[in-house]
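Visitor: Each protein sequence line maps, in turn, to chains A and B.
For the first sequence, the residue numbers in our numbering are 490 to 705.
For the second sequence, the residue numbers in our numbering are 4 to 226.
Everything labelled a hint here was simulated from the structure, so no lab data went into it.
Just so it is clear, the structure is predicted and the values come from calculations on it, not from any experiment.
Even glycine gets a Cβ: it sits at the ideal position worked out from N, Cα and C.
A hint or two may mislead.
[Unchecked claim] Residues from chain A that face chain B, not an exhaustive set, calculated with beta carbons under 7 Å:
1) R520
2) N522
3) V523
4) P526
5) V633
[As the list claims (entries may be wrong)] Computed spacing ranges between beta-carbons, pair by pair:
6) D516(A) - T126(B): 19 to 29 Å
7) P211(B) - T567(A): 24 to 34 Å
8) T518(A) - E190(B): 23 to 33 Å
9) P543(A) - A115(B): 38 to 48 Å
10) S608(A) - V149(B): 39 to 49 Å
11) T629(A) - G123(B): 49 to 59 Å
12) P672(A) - P69(B): 43 to 53 Å
13) V148(B) - D516(A): 16 to 26 Å
14) P208(B) - S608(A): 35 to 45 Å
15) L68(B) - P624(A): 29 to 39 Å
16) T75(B) - N574(A): 25 to 35 Å
[Unchecked claim] If the Cβ cut is set under 8 Å, some of the chain B residues that face chain A in the computed set are:
17) L56
18) T63
19) A131
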Amino acid sequence: MLHFKVLVPVFCLVVFSSCLVYATSEDITTRVNVYSPRNVYVAWAVPEGRVGLPGTNWDTLYYLTVKDPSDGSILFSTSTLARTNVTGKDLTQVALLNVGVGAYNFYIKGHQSLTRKLSNVSLPSGLSPLNFTQPDNSPTFGTVRLLAGDINGATTSPAVMGDDVINAVDLGIMLSHLDQADPSTRDLRPNLNQDPVVNSVDMSLLLNNLDKEGDR
Amino acid sequence: MIKKIQQTSLSYLASASFLLVIGLVVFSALEAGLVSAANPETIIVRQEVTAELSMTVGSTTMVMLPSIPGLTGGTGNASTTVNIITGNVQGYAVTIQASSTGVDGALKGDSAGGYFVDYGATTPETWANTTSGQASQFGFGITEVVLSSANGASGYTSCATYEDCFSLAPTTTAKTIVSVSSETPAEGDTFQLKFRAHIPANTSPAVPEDWYTATTTLTAVQL
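Chain A extracted, bound-state conformation (with noise of 0.2 Å):
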């Protein structure tokens, strides 16, 4: 709350006499932002850890978030889960609505990982790729991952898909999924790497990111 109290005297002449007025201004600065609609996808988003050949098995759930830099506020946020393809790739484009000319940071939350962040991301009108194999959203395809390990919470809504951080309830989880069979390799969730069955290869993917959290 700003509050001002500047008392300007201005002399006046009245008709035989004199006044005095006291007088109080403010500017006061109102904006708005037009914008021309913006569509992103994700260009790629890998896993690590996973077994296979490279882009034949780097499916995920996810979903995005889009910040404003300067004060971290969101300023969109998909409201539904999505997923990627075994390449990474999810080509399906995403609106960003309310989001106006700037840059911008971007966020993607997969359902076994933790937050990985695209940090002041030019967008201009049009369609804009999201590449997370790259910390600066270069267009080539690079050696960024998506750290295993959080997969506490149910994966219905980005509201409930973990705590972006890897500790112990994770671990817990991990343990009482142990060496079960995952035939589909996509049914079980700690099933990091996606092959038949949990196990310590899991196991040691989630140890190594053992109190990492996800990207701010």
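Chain B: place on chain A using the hints.
Guide: Showing chain B alone in chain A's frame:
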């Protein structure tokens, strides 16, 4: 003979003494009465309390939300509360004026050269959107919340809802939006100052993608 003269003298002396005592008693009584009836001195103490005026604006920087897609159109709104306190028994008035650097509207693009067309009404009215293909709009209005007496500003006597009392923001002459002819209570008078930007679908002239900014000056004066 001598004895008679002495008796007469004594008699005179006794009479004189008696009269003297009576005189003293009467004088004392009258003197006390005179003292108690003396005129009192009146001491007048005065202190002048001059009228003052303060204006509190809830937010001097506002962003109209939501952002507006330039092609399909939409409406952005922003508002803030304004509180006026004055002890001036003649009351106060509040005026508004928008700054302008050219002939375009008050809401101008920061970098792309575009602008919003000023809202069509010069006198306050219920907001009415332009329709597809028509011009954009930028206007302001007030909604009265608590005023110590009726608003005497022309056109602003009935501003009960958010849609009421919108007009263009004047750039050449300040417009009186509140005029109250009495002092305010201790908590002051409060009203809502609101701004609205609207783009209809396929607007003409086009409103390019940009941030648009308007600066308005709100002034409160004692009457």
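Visitor: Does each hint fit the structure? Answer for all of them.
Guide: Structure-based check of each hint:
Because the smallest distance between the Cβ of R520(A) and any Cβ of chain B comes to about 5 Å, under 7 Å, the interface hint for this residue holds. The criterion of a C-beta within 7 Å of any C-beta in chain B is met by N522(A), whose closest approach is roughly 4 Å, and the hint holds. Residue-level restraint check for V523(A) holds (minimum Cβ-Cβ distance to chain B is 5 Å; threshold 7 Å). For P526(A), the interface hint holds, since its Cβ comes within 7 Å of a Cβ in chain B; the closest pair sits about 6 Å apart.
Restraint check, V633(A) versus chain B: the minimum CB separation of about 30 Å is more than 7 Å; hint violated. Between D516(A) and T126(B), the C-beta spacing of about 25 Å keeps the proposed range 19 to 29 Å intact. Checked against the hint of 24 to 34 Å, the C-beta distance between P211(B) and T567(A) comes to roughly 28 Å, which is consistent with it. The hinted range of 23 to 33 Å is satisfied by T518(A) and E190(B), whose Cβ atoms lie roughly 27 Å apart.
Evaluation of the 38 to 48 Å hint for P543(A) and A115(B) yields a pass: the beta carbon distance comes to about 43 Å. Roughly 47 Å separates the CB atoms of S608(A) and V149(B), a value that falls within the hinted 39 to 49 Å. For T629(A) paired with G123(B), a C-beta distance near 53 Å keeps the hint of 49 to 59 Å intact. About 47 Å separates the C-beta atoms of P672(A) and P69(B), a value consistent with the hinted range of 43 to 53 Å.
The given range of 16 to 26 Å is respected by V148(B) and D516(A), whose C-beta atoms sit roughly 22 Å from each other. In this structure the supplied range 35 to 45 Å holds for P208(B) paired with S608(A), their Cβ-Cβ distance being about 36 Å. A hinted range of 29 to 39 Å for the beta carbons of L68(B) and P624(A) is consistent with their spacing of about 32 Å. Distance hint for T75(B) and N574(A): a CB-CB separation of about 31 Å, consistent with the stated range 25 to 35 Å.
A least Cβ separation of about 5 Å between L56(B) and chain A falls short of the 8 Å threshold, and the interface hint therefore holds. Given hint, T63(B) at the interface with chain A, holds; its Cβ is 5 Å from that chain's nearest Cβ, closer than 8 Å. The beta carbon of A131(B) comes no nearer than 19 Å to any beta carbon in chain A, farther than 8 Å, and the hint placing it at the interface is violated.
Hints 5, 19 from the list above are not met by this structure, while the remaining hints are.
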